[in-house]
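*Asks:* Chain by chain, the residues:
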Amino acid sequence: MALLKREKSKVAPKNKGDRWGLAYVSPFFIIFGVFGLLPILFTVYVSFFHWDPLAGHNFIGLDNFRNLFTDPYFYRAVRNTFSIFLFSFVPQTILALLLANFLANPHLKFKVFWRTILLVPWVTSILSVAIIFSELFGQNYGMVNVAMHYLGLSHIGIHNVNWVGQTIPSHIAIASMIVYRNLGYASLIYLASMLAIPRDLYESASLDGASKLQQFRYVTIPQLKNTLTFMLIVGTIGGLQTFLEPLTYGGVQGGDSRQFSTLALYLYEQIIINNKLGYAAAIGVAITLITIMISGVNFLVTRRISGSEA
Amino acid sequence: MRNLLEWFTGSNASDPTKKRRKVSRTAYIALIVFTFLSIFPLYWLFVVASNSNAEISKIPPSLVPGPNFFKELKAVYAAVPLTNALVNTALIALIVAAAQVFFCTMAGFAYAKLAFPGKKVSLVVIIGTMMLPSQLGIVVLYIMMADFFHWINDFKAIVIPSMIGAFGVFWMRQIIDAQVPNELLEAAKIDGGKNFRIYRSVVVPIIAPSALVLGLFSFLGTWNDFLWPSLVLNSPKRFTIQVAVNQLNGTYTVDYALKMCGAFMATLPLLLLFIFVGRRLVTGIMDGAVKG
Amino acid sequence: MKTAKLGKIWAAGVALFSIVGGVLAPSSHAAASTTISIWTYGNVIDPALVAQYQKLHPTIKIVAKKSDLDGNAQALRYALPSSAVPDIAAIEISYMGEFRNYTQYLTDLSTLTPSASDLKAQYLPWRWNDMVADSGQVLGIPTDVGGLAVAYRVDLFKKAGLPTDPTAVSALWPTWDKFIATGKQYVAKEKGKAFIDIAQTIYTAVVNQGAQKYYDASGNLVYANNPNIQAAFNYTAAASQANLGTNVAQYSPDWNVGLNKGLYATVLAPAWMLQYIKQYAPKTSGLWNIATLPGSAGNQGGSALTIPTHAAHAQEAWDFIRWYTSAAQQKYEFVHNLTFPTVTSLYSDPAVGGLKDPFFNNAPIGKIYSSSVNSVQPFVLGKKDRLIDSTIGQALSRVQLGKQLPQAAWTQALSDIHRAIN
Numbered sequence: 009m010a011l012l013k014r015e016k017s018k019v020a021p022k023n024k025g026d027r028w029g030l031a032y033v034s035p036f037f038i039i040f041g042v043f044g045l046l047p048i049l050f051t052v053y054v055s056f057f058h059w060d061p062l063a064g065h066n067f068i069g070l071d072n073f074r075n076l077f078t079d080p081y082f083y084r085a086v087r088n089t090f091s092i093f094l095f096s097f098v099p100q101t102i103l104a105l106l107l108a109n110f111l112a113n114p115h116l117k118f119k120v121f122w123r124t125i126l127l128v129p130w131v132t133s134i135l136s137v138a139i140i141f142s143e144l145f146g147q148n149y150g151m152v153n154v155a156m157h158y159l160g161l162s163h164i165g166i167h168n169v170n171w172v173g174q175t176i177p178s179h180i181a182i183a184s185m186i187v188y189r190n191l192g193y194a195s196l197i198y199l200a201s202m203l204a205i206p207r208d209l210y211e212s213a214s215l216d217g218a219s220k221l222q223q224f225r226y227v228t229i230p231q232l233k234n235t236l237t238f239m240l241i242v243g244t245i246g247g248l249q250t251f252l253e254p255l256t257y258g259g260v261q262g263g264d265s266r267q268f269s270t271l272a273l274y275l276y277e278q279i280i281i282n283n284k285l286g287y288a289a290a291i292g293v294a295i296t297l298i299t300i301m302i303s304g305v306n307f308l309v310t311r312r313i314s315g316s317e318a
Numbered sequence: 128m129r130n131l132l133e134w135f136t137g138s139n140a141s142d143p144t145k146k147r148r149k150v151s152r153t154a155y156i157a158l159i160v161f162t163f164l165s166i167f168p169l170y171w172l173f174v175v176a177s178n179s180n181a182e183i184s185k186i187p188p189s190l191v192p193g194p195n196f197f198k199e200l201k202a203v204y205a206a207v208p209l210t211n212a213l214v215n216t217a218l219i220a221l222i223v224a225a226a227q228v229f230f231c232t233m234a235g236f237a238y239a240k241l242a243f244p245g246k247k248v249s250l251v252v253i254i255g256t257m258m259l260p261s262q263l264g265i266v267v268l269y270i271m272m273a274d275f276f277h278w279i280n281d282f283k284a285i286v287i288p289s290m291i292g293a294f295g296v297f298w299m300r301q302i303i304d305a306q307v308p309n310e311l312l313e314a315a316k317i318d319g320g321k322n323f324r325i326y327r328s329v330v331v332p333i334i335a336p337s338a339l340v341l342g343l344f345s346f347l348g349t350w351n352d353f354l355w356p357s358l359v360l361n362s363p364k365r366f367t368i369q370v371a372v373n374q375l376n377g378t379y380t381v382d383y384a385l386k387m388c389g390a391f392m393a394t395l396p397l398l399l400l401f402i403f404v405g406r407r408l409v410t411g412i413m414d415g416a417v418k419g
Numbered sequence: 260m261k262t263a264k265l266g267k268i269w270a271a272g273v274a275l276f277s278i279v280g281g282v283l284a285p286s287s288h289a290a291a292s293t294t295i296s297i298w299t300y301g302n303v304i305d306p307a308l309v310a311q312y313q314k315l316h317p318t319i320k321i322v323a324k325k326s327d328l329d330g331n332a333q334a335l336r337y338a339l340p341s342s343a344v345p346d347i348a349a350i351e352i353s354y355m356g357e358f359r360n361y362t363q364y365l366t367d368l369s370t371l372t373p374s375a376s377d378l379k380a381q382y383l384p385w386r387w388n389d390m391v392a393d394s395g396q397v398l399g400i401p402t403d404v405g406g407l408a409v410a411y412r413v414d415l416f417k418k419a420g421l422p423t424d425p426t427a428v429s430a431l432w433p434t435w436d437k438f439i440a441t442g443k444q445y446v447a448k449e450k451g452k453a454f455i456d457i458a459q460t461i462y463t464a465v466v467n468q469g470a471q472k473y474y475d476a477s478g479n480l481v482y483a484n485n486p487n488i489q490a491a492f493n494y495t496a497a498a499s500q501a502n503l504g505t506n507v508a509q510y511s512p513d514w515n516v517g518l519n520k521g522l523y524a525t526v527l528a529p530a531w532m533l534q535y536i537k538q539y540a541p542k543t544s545g546l547w548n549i550a551t552l553p554g555s556a557g558n559q560g561g562s563a564l565t566i567p568t569h570a571a572h573a574q575e576a577w578d579f580i581r582w583y584t585s586a587a588q589q590k591y592e593f594v595h596n597l598t599f600p601t602v603t604s605l606y607s608d609p610a611v612g613g614l615k616d617p618f619f620n621n622a623p624i625g626k627i628y629s630s631s632v633n634s635v636q637p638f639v640l641g642k643k644d645r646l647i648d649s650t651i652g653q654a655l656s657r658v659q660l661g662k663q664l665p666q667a668a669w670t671q672a673l674s675d676i677h678r679a680i681n
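Protein chains in written order, with the working numbering: chain P, 9 to 318; chain Y, 128 to 419; chain R, 260 to 681.
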């Protein structure tokens, strides 16, 4: 009798924890299941069909995926997405680190003002940002080209750049939109991590004769490894879904040669212009698989890096 | 040359008797430049909105605000019920923010501190869904709303699916994991606390600032969302602000002064909100980052 | 017991949020008013006219939702099979080919009272037929038509030694070959300027002058071999390669500035574009005139109003459509917005047919556009018109930017279309 009682008290807390856990998480699960998971499962289902909302649908098996494999525009979208990602992520990280470094200075005046004002672009709606950037990057009269002209760049052949029609310039323009919106947020993340770096590391470095620049390179950056890898992972997932910026900048087809059509934009084009929901679903599945692959690679690489440190 | 460099960096290498600047001039210059760049688009919005279309279609464009702002505002009001849209959006964003905080905090707590069957698997599934582009979900969700729930043109279509978010659960899980020590929970349990009371009186006060930040993120996201609401809302009286601003387009053309006026009015409340809670937002973002 | 309490709490939470979210939706008043919903885009539905109608019919309330052109069509595709449809849906000419055969989802207006067939005689025949299904159902009433003419800068022509009188200018280009030749003459004289704003507009103009566009009467795709399509493509490519046009997108901020600075000597203008020019380039008043289009008459743009089959208030919707597209209201639209009417009797109305505008040197706008729309040859609109338009448009842009030679661009367009359609 006493034995049984003791065993019961050992087991009971665990069950209670299970019940509790479920209770806390089930409202989330229910709503998520219906509005988050169900649409996704249905999307995967649709990817095996030729689906027209008005003409009906018929099962075509893997045909959508077969077509995707041989679709040159899909591969172009992949390349564009990566290109735009590189053009945005690298400058964004560098600028954010620099800004964070300035903001981390304990003697900086008006700290709160600088930190808050940097978030303003993040708050501005993408439609407004897009119109402004379209104006800035206008070929004949846009301010960017005008400024480059005054800086004398026409002497080295850079003249009246077409920021929509040419591939790399269009990527740069769209990437600058992305950097513009995200820079403040990224700077704050790096700033927070920088502030957590112990001061004595810097002190001992400067005692060793390191200049400010060397301190930045050999103390700050290594300490930020975790944050940098986190931002890289989050950045790649977000980068693979770049959609609103190219859409609002140059339209759903991504340009005359799909030069700035990203994966998500190409998907959207299938829905809205081609009326091919099944093919769009297949692209969606492909994007997810690519994202999982990249995240997996990211995860392994960063694990290797932090592993080698220990 | 050396003096110029020193002027920028504030070093005293050439003259050690000179006091070394604590903050380099470069820092202030960079910050001023970025401040200017951050604010300029909003300023430009206002300039375009307050000038006539002819004014901004010339070179060099007018860089000062003109007299037409209230005239354009009147035209915006004639085209869309702007106040309605602002109120609708504010209410919806508030409800979604509150709901997200409520549900994601509870779920985040479960993932961080409690055990339940399928915990690991479900977390992977949730992360997985973050990787699917949202544009697809929109079509399917619309079909569900139209044929099954009959929530087309109903705010429920916007509020309910947004009440939970994968990012929100993730964020709260990290926050609770980092900020609520297990010892504290054990101590409270020993003191005889019932589970929900522990949650309410121990966990919530600790993570309240971060939860507030989640709420702000959520509020901002809902305020700026236009793809889904534009598909689902059909009556002008029910439009959210982004859908309302989108009504200002011409058939093949765009009336820039009109549209920018609408866009400016769409951003203004956020800026005002920003003035009040900007500081909190900054602290919250930074708190959430440190543990990373 | 604790679980039950927790359960109650979160259930209450969900319920609370849903109720508040639902309550926010303003309830429709149980009063005697009917609400007609319209899905439209751009300026098709004029709020001023809506206000007028509501004044005349106090029990009718009209709410219009605007999307962009493609968004509107997409929303309709997903809504039409369900009951979540508007009472009136506006369809643009590039989508008429697709929607005019949805006889299952759009009401045959000739079965309503009064029958649409009674109204047919009032309207421009080829615009009327644009929304008639292959099996004869009348699915939409045309609201407006674009027409097409050449707006040219008198001062720039003078500077380049070209004639300035509209009749003389029209005589310069009876064919597109001569138009391009004039253009070459112009750019040879005026370095750094463009003859036409965008060469691609030539394609749209020529395409709309043919007897066939992309489909034949039986609904087969003929775009690949249609000589008129090829001619349209070739003229445009030739204009691009002769540097007659610029790279800007129409109606972009860059384009607006170019308009003000006199960067383009001509613009192919539907009637409503004249209004745009007046608004965006007021300083150029008196510097323009209007000449006829090379070749035959042309058109660009136009819309129609339809009633989905599952509409809740079909009769009230029909009453509104008939009122909105009648002569009086179309006249109002023309006088205020230069939206060219589809009611043919208006063409002889002095306010319409006799309209002259000092901004355009008192060119007889009304007369020019009436004769333009009256001479348009009708052709069959097909399902994938919009898609084929966009794809060929992309090909022409590539030629304009020098990325591809015309033959390669055409071949790629053909394979792109094939891939997109199948």
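Bear in mind the hints are in silico, worked out from the structure with no lab data behind them.
Keep in mind it's a predicted model, so treat the numbers as computed, not measured.
One should not assume that every hint holds.
Partial pick of chain Y residues on the chain P-facing surface, computed with a CB cut under 7 Å [to be verified]:
| # | residue |
| --- | --- |
| 1 | LEU172 |
| 2 | ILE186 |
| 3 | LEU263 |
| 4 | ASN351 |
In silico DSS-like cross-links for lysine-lysine, where the CA-CA straight-line distance does not exceed 30 Å [unchecked claim]:
| # | chain 1 | residue 1 | chain 2 | residue 2 |
| --- | --- | --- | --- | --- |
| 5 | P | LYS119 | Y | LYS145 |
| 6 | Y | LYS146 | P | LYS119 |
| 7 | P | LYS119 | P | LYS233 |
| 8 | Y | LYS247 | P | LYS233 |
| 9 | R | LYS542 | Y | LYS201 |
| 10 | Y | LYS185 | R | LYS418 |
| 11 | R | LYS379 | R | LYS615 |
| 12 | R | LYS418 | R | LYS643 |
| 13 | Y | LYS145 | P | LYS220 |
| 14 | Y | LYS198 | P | LYS117 |
| 15 | R | LYS417 | R | LYS443 |
| 16 | P | LYS220 | P | LYS233 |
| 17 | Y | LYS198 | R | LYS615 |
| 18 | R | LYS379 | R | LYS437 |
| 19 | Y | LYS185 | R | LYS443 |
| 20 | R | LYS542 | Y | LYS198 |
| 21 | Y | LYS240 | P | LYS220 |
| 22 | Y | LYS240 | P | LYS233 |
All C-beta atoms, glycine included, are put in the ideal place defined by N, C-alpha and C.
*Asks:* State for each hint whether it applies.
*Replies:* Cross-check of the supplied hints:
1. LEU172: 6 Å, holds
2. ILE186: 5 Å, holds
3. LEU263: Holds - the Cβ of LEU263 (chain Y) comes within 7 Å of chain P, reaching about 4 Å at its closest.
4. ASN351: 5 Å, holds
5. P:LYS119 with Y:LYS145: Since the Cα atoms of LYS119 (chain P) and LYS145 (chain Y) sit roughly 26 Å apart, the hinted pair holds (cutoff 30 Å).
6. Y:LYS146 with P:LYS119: 22 Å, holds
7. P:LYS119 with P:LYS233: Cα-Cα ~25 Å, so holds.
8. Y:LYS247 with P:LYS233: Measuring from Cα to Cα gives roughly 26 Å; hence the hint holds.
9. R:LYS542 with Y:LYS201: 25 Å, holds
10. Y:LYS185 with R:LYS418: 22 Å, holds
11. R:LYS379 with R:LYS615: Cα-Cα ~29 Å, so holds.
12. R:LYS418 with R:LYS643: 44 Å, violated
13. Y:LYS145 with P:LYS220: 18 Å, holds
14. Y:LYS198 with P:LYS117: 41 Å, violated
15. R:LYS417 with R:LYS443: Status holds; Cα separation ~16 Å.
16. P:LYS220 with P:LYS233: 19 Å, holds
17. Y:LYS198 with R:LYS615: 29 Å, holds
18. R:LYS379 with R:LYS437: Not satisfied, since the Cα-Cα distance of roughly 38 Å exceeds 30 Å.
19. Y:LYS185 with R:LYS443: 27 Å, holds
20. R:LYS542 with Y:LYS198: Judged against 30 Å, a Cα distance of about 21 Å means the pair holds.
21. Y:LYS240 with P:LYS220: Violated. LYS240 (chain Y) to LYS220 (chain P) sits at ~43 Å, over the 30 Å cutoff.
22. Y:LYS240 with P:LYS233: Given that 30 Å is the threshold and the Cα spacing comes to 27 Å, the pair holds.
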